[in-house]
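J.: Just so you know, the protein sequences line up as chains B and H, in that order.
Numbered according to this note's numbering, the first sequence spans residues 4 to 325.
Numbered according to this note's numbering, the second sequence spans residues 495 to 727.
The set of hints was computed from the structure by calculation and includes no laboratory data.
Be aware that one or more of the hints could be misleading.
Reference excerpt, derived from the structure (chain H facing chain B, CB under 10 Å, subset only) [as the list claims (entries may be wrong)]:
(1) Val560
(2) Gly561
(3) Ala564
(4) Phe565
(5) Ala577
(6) Ala584
(7) Arg602
(8) Asp603
(9) Phe609
(10) Arg638
Even for Gly, the Cβ is constructed at its ideal location relative to N, Cα and C.
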Amino acid sequence: MAARRSEAWPLAVTVTALVGLPTLVGGSRYLMTLAISMLVVAGYAVAFNLVFGRTGQLFLCLGALAGVAAYGSVLLADVAGVPLPAAIAVGVACSGGIGGLFSWVAVRRRLGVIFLGIVTLAFSLVFTNLLVGGRALTGGETGLLVDATAGSWLRDRVPAYYVLLAVLVGYLLLDRWLERSWLGWAFRALKDDPVAAELAGVDVVRAKVVAGALGSAMLGLMGALFAVHDGFLSPTGFDFGEIDVRVLVVLAVGGVGSSLGPVVGAVVVTAVDELLRPLGQLRLTVYGALLIVVFLRFRQGLVPAARGLGRRFGARRARATP
Amino acid sequence: MLRVDRLDVERGGARVLHAVDLHVGDGEVVALIGSNGAGKTTLLRTVCGLLAPTQGEVTVGGRSVVGVPAFELARRGIRYVPAERRLFPALSVRDNLALGAYPARPTRDRHELVFGLFPRLRERRSQVVGTMSGGEQQMVAIGRALMSSPRLLLLDEPTTGLAPALAEEAYAVIARLRDAGGLTVLLAEQQVHLALEVAARAYVLEGGTVTMDGPSGSLRDEPGVRRAYLGFA
Chain B
4 MAARRSEAWP
14 LAVTVTALVG
24 LPTLVGGSRY
34 LMTLAISMLV
44 VAGYAVAFNL
54 VFGRTGQLFL
64 CLGALAGVAA
74 YGSVLLADVA
84 GVPLPAAIAV
94 GVACSGGIGG
104 LFSWVAVRRR
114 LGVIFLGIVT
124 LAFSLVFTNL
134 LVGGRALTGG
144 ETGLLVDATA
154 GSWLRDRVPA
164 YYVLLAVLVG
174 YLLLDRWLER
184 SWLGWAFRAL
194 KDDPVAAELA
204 GVDVVRAKVV
214 AGALGSAMLG
224 LMGALFAVHD
234 GFLSPTGFDF
244 GEIDVRVLVV
254 LAVGGVGSSL
264 GPVVGAVVVT
274 AVDELLRPLG
284 QLRLTVYGAL
294 LIVVFLRFRQ
304 GLVPAARGLG
314 RRFGARRARA
324 TP
Chain H
495 MLRVDRLDVE
505 RGGARVLHAV
515 DLHVGDGEVV
525 ALIGSNGAGK
535 TTLLRTVCGL
545 LAPTQGEVTV
555 GGRSVVGVPA
565 FELARRGIRY
575 VPAERRLFPA
585 LSVRDNLALG
595 AYPARPTRDR
605 HELVFGLFPR
615 LRERRSQVVG
625 TMSGGEQQMV
635 AIGRALMSSP
645 RLLLLDEPTT
655 GLAPALAEEA
665 YAVIARLRDA
675 GGLTVLLAEQ
685 QVHLALEVAA
695 RAYVLEGGTV
705 TMDGPSGSLR
715 DEPGVRRAYL
725 GFA
């Protein structure tokens with residue numbers, strides 16, 4: 004518990020830095036676009052951390068779950084004429100429902116981590132194919148322009164940045180609140196040993212379905228908000244390679260299961276990604292090499308590694324002062 | 495309290511229990527003795543809801559437990575302590591105990607009751623369970639089951655992996671629980687002499703069926719039991 008509590012300060016500092024960011028780089032369209040995509044990835048990573056980090060369910064359809072809400076709400080608003088907030092609510096509910104269904108099937112059919120990964124990956128591929136194939140509705144590969152927010156303030160980068168930041172902070176608060184609630188206890192117990200959790204009176208099925216549905220709804224909300232801000236939807240924006248791989252890398256770099264990990268991971272990965280851009284073709288190679296270093300040297304992620312360093316430093320200081 | 499009628503249980507297509515009848519009265523401590531593979535664990539796991547019977551009925555306090563999920567039975571006060579203990583090794587003693595009261599918040603009284611039974615756990619309440627000895631882990635396992643004021647305690651080989659002195663200590667605690675009253679215990683055990691000391695009655699399970707039952711005193715003198723389980727020639 005002590006280690007978790009010590010994340011409150013670094014978390015507050017990180018969020019404050021993020022709040023101040025637009026006053027520094029708000030003038031640059033390029034940097035603001037980058038900052039927004041960083042927030043979105045951080046939000047996805049917090050959601051995935053709830054599903055995988057807390058309850059050990061490997062969802063490999065993060066892009067698809069975000070895409071369900073994004074396409075769903077944009078189509079409802081533009082084609083069916085539903086007011087945008089209601090459309091987003093329906094889209095997010097669909098993502099949550101699909102995620103909850105995956106969790107339920109996985110527990111009921113006793114799918115292990117790998118099998119749940121395969122099933123959700125298959126869903127991811129099917130979803131991309133549906134988007135490409137359903138040209139009449141989705142615009143296929145060409146993509147879809149969002150009419151509902153044309154000319155709205157949400158299209159502007161700085162206001163949208165703050166909306167997405169508010170959502171991200173909401174996610175982090177929700178995550179911390181869950182950690183301390185009895186549901187958090189259930190998560191820790193069932194991740195350790197589902198049978199032991201069951202014997203202690205934990206409703207393992209319900210806890211997993213809640214985590215799966217909630218995490219998926221969070222993915223959906225982030226995806227839908229980004230889509231209506233960006234004003235453009237395309238299948239590549241939600242495919243496995245674009246979203247899932249990136250989120251996995253963010254979480255691996257930041258640290259699975261910690262609150263701060265997803266945010267720090269998103270900042271580091273986005274920054275490294277951009278710094279390496281001038282390398283052109285070499286970029287992916289260097290990126291891969293960096294990942295290997297991270298996995299070999301800081302297997303638990305940067306946040307737990309930094310915490311360990313901090314503790315060692317603190318201990319040394321304590322010894323120096325008699 | 496507990497009544498088992500004509501119980502058949504299969505595992506992986508093989509019949510492990512056949513036509514088992516058994517009952518445990520309110521506040522009674524009953525032992526289930528038998529060798530490895532006789533079906534003791536299967537019986538306990540069926541009563542606590544981890545396994546489903548193919549035939550027969552199991553009732554606790556007059557209500558059937560067949561088809562009820564294990565977590566629900568745990569909340570109703572049917573607590574199974576498996577031989578492998580299944581604690582949460584990364585959590586502290588206090589947190590492991592607290593989870594025993596789930597979904598309620600653990601009360602101070604309950605913590606005190608468990609610490610009263612196991613003073614060593616009070617000293618070590620902040621220690622991570624994974625670093626504790628087998629005997630201490632067994633205390634945590636029994637303590638966790640007691641956190642929810644159970645009605646029926648199902649103990650599976652509480653002496654597994656314990657040195658003889660610690661095994662006797664574990665049984666001293668069970669005897670104290672028995673004397674305190676209010677708790678019904680069904681106890682599976684291979685260390686038959688210990689089990690017969692604490693239990694009023696016992697059932698002998700062989701090859702998945704009950705072959706003998708009766709008061710502990712008379713079973714202790716039974717030639718078959720003496721030869722097979724108590725080490726007399």
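J.: Please go over all the hints and tell whether each is borne out by the structure.
T.: Taking the hints in turn, this is what the structure says about them:
1. Val560: With a minimum Cβ separation of about 17 Å from chain B (threshold 10 Å), the hint on H:Val560 is violated.
2. Gly561: violated (15 Å)
3. Ala564: Holds - the Cβ of H:Ala564 comes within 10 Å of chain B, reaching about 5 Å at its closest.
4. Phe565: This hint holds: H:Phe565 lies near chain B, its Cβ roughly 5 Å from the closest one there, short of 10 Å.
5. Ala577: With a closest approach of 13 Å, the H:Ala577 hint is violated.
6. Ala584: holds (6 Å)
7. Arg602: This hint is violated: H:Arg602 lies away from chain B, its Cβ roughly 18 Å from the closest one there, beyond 10 Å.
8. Asp603: violated (18 Å)
9. Phe609: violated (19 Å)
10. Arg638: At 7 Å from the nearest chain B Cβ, H:Arg638 passes the 10 Å test, so the hint holds.
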